[in-house]
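Turn these sequences into a full structure, and let the hints steer you where they fit.
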Amino acid sequence: MIFLTVGTQFPFDRLVQAVDDIVGDGMIDEEIFAQIGKSSYKPRNFESVVSLDKKAFDERLKEASSVISHAGMGTIIMALDNTKPLLVMPRLKKYSEVVNDHQVAIARKFEELGHILAVYDVKDLPEKLEKLKFFVPRPRDNQAKAVADRIAKFLNELQETKY
Amino acid sequence: MIRRRKKLRVCLSASSGGHISQLLKLAQSWKGRETFFITTAEVVRANLKEYGKVYVVGECNRQHPLKLMAVLLKSAKVIVTEKPDVVISTGAAVGCMVCFLGKLLGAKVIWIDSITNVERLSLSGRIVRYIGDLFLVQWAELAEQYNNIEYVGAVI
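So the protein lines, in turn, are chains Z and X.
The first sequence finishes on residue 161 if you use our numbering, and the numbering steps up by one all the way, no holes.
The second sequence finishes on residue 454 if you use our numbering, and the numbering steps up by one all the way, no holes.
What the hints contain is simulated information worked out from the structure, not anything from laboratory work.
The model shown is predicted, which means the values in this text are computed figures rather than measured ones.
Please note that the accuracy of each hint is not assured.
[What the hints assert, rightly or not] Calculated lysine-lysine pairs in the DSS-like style (CA-CA distance at most 30 Å, straight line):
#	chain 1	residue 1	chain 2	residue 2
1	Z	131	Z	107
2	Z	151	Z	60
3	X	365	Z	91
4	Z	160	Z	126
5	X	351	Z	160
6	Z	82	X	347
7	X	329	X	365
8	Z	60	Z	92
9	Z	107	Z	82
10	Z	151	X	347
11	Z	82	Z	52
12	Z	36	X	372
13	X	304	Z	52
14	X	347	Z	52
What follows is the structure in structure tokens.
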């Protein structure tokens, strides 16, 4: 199953419809399940829900062979944490899908680093979906512990000076 | 006589979605301290239970000034009641407001700019930079562009 998710805060009809059209054309053989959030376009060719609670979302994600989504950081983090191949399409300001184009910047950067695949125009979607089948994401080498230690040090010093 | 030391009160603030995911990657840093959470949506309330009391103040951005005022008032009420010693936030708009409210009442401000800001700081980050006591970014190139900004690494 391929899990399509576009967040729950804003609609993202461009992506939902593009995937629906491709499935309609018989270009995807795998089953798709979608969380479409506030999108007004309702897919005809696969099952979709408006939103899932955290537990149900996690279950779908674990079950999925790959994920298609907007370039929201929440989804990118969840896909990386679960080592799922992820294809993102950034929301664009010019279509009023988001307030600025930060999703493009993060999609480019993470694609360049081999963590995700990205598509910027719906016409390139079929080709990228083919790539997604064989894509092995490079895990992030993060420094969360070092950052947490830096903050803990600041808090310790504050505790000492204050109380 | 041994005086029992007071514990720091830590306010954690982040919008639902990617901002919260990034803040929670740092949970180790405030372990054992008194915390409470200010966030934007009910859907995340259940996941935040272990971090103390959770206040949901609603979603807002600069496109909706009236909503922004309502969220500001709600957040102010929380800060006045809870009196944090320090605010830790990853953004976005609500986190930014909570940082200013906290600062007004004497709290220190720790800001971690979201990893999505690759080429320049987030709008909220650019504002909080003036009052931040510890300001961290997740890209080394960003730290070179501004003064008083630290790059330790990325949280994801």
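Evaluated hints:
Using a Cα cut-off of 30 Å, the hinted pair residue 131 of chain Z and residue 107 of chain Z holds, with the two alpha carbons roughly 21 Å apart. For the hint linking residue 151 of chain Z to residue 60 of chain Z, the alpha-carbon distance of about 36 Å lies beyond 30 Å, and the restraint is violated. For the hint pairing residue 365 of chain X with residue 91 of chain Z, the CA-to-CA distance comes to about 21 Å; that is within 30 Å, so the pair holds. Of the pairs offered as hints, the one joining residue 160 of chain Z and residue 126 of chain Z is violated, with about 55 Å between alpha carbons and a cut-off of 30 Å exceeded.
Straight-line distance between C-alpha atoms of residue 351 of chain X and residue 160 of chain Z comes to about 23 Å, which keeps the hinted pair within the 30 Å bound. Taking the CA atoms of residue 82 of chain Z and residue 347 of chain X, the gap is about 27 Å. The hint holds against a cut of 30 Å. Restraint check for residue 329 of chain X and residue 365 of chain X: not satisfied, since their Cα atoms lie roughly 33 Å apart, outside the 30 Å limit. Annotation: proposed proximity of residue 60 of chain Z to residue 92 of chain Z is violated, straight-line Cα distance about 33 Å (limit 30 Å).
The hinted pair formed by residue 107 of chain Z and residue 82 of chain Z meets the criterion: a straight-line CA distance of about 18 Å does not exceed 30 Å. Among the hinted pairs, residue 151 of chain Z with residue 347 of chain X is consistent with the structure: their alpha-carbon atoms are about 25 Å apart, no more than 30 Å. Distance check on the hinted pair: residue 82 of chain Z and residue 52 of chain Z sit about 17 Å apart at the alpha-carbon level, within 30 Å; holds. About 26 Å separates the Cα atoms of residue 36 of chain Z and residue 372 of chain X, which keeps this hinted pair within 30 Å; it holds.
Among the hinted pairs, residue 304 of chain X with residue 52 of chain Z is inconsistent with the structure: their alpha-carbon atoms are about 36 Å apart, more than 30 Å. Between the alpha carbons of residue 347 of chain X and residue 52 of chain Z the distance comes to roughly 14 Å, so the proposed pair stays at or under 30 Å and holds.
Checked against the numbered hints above, the structure breaks hints 2, 4, 7, 8 and 13 and satisfies the rest.
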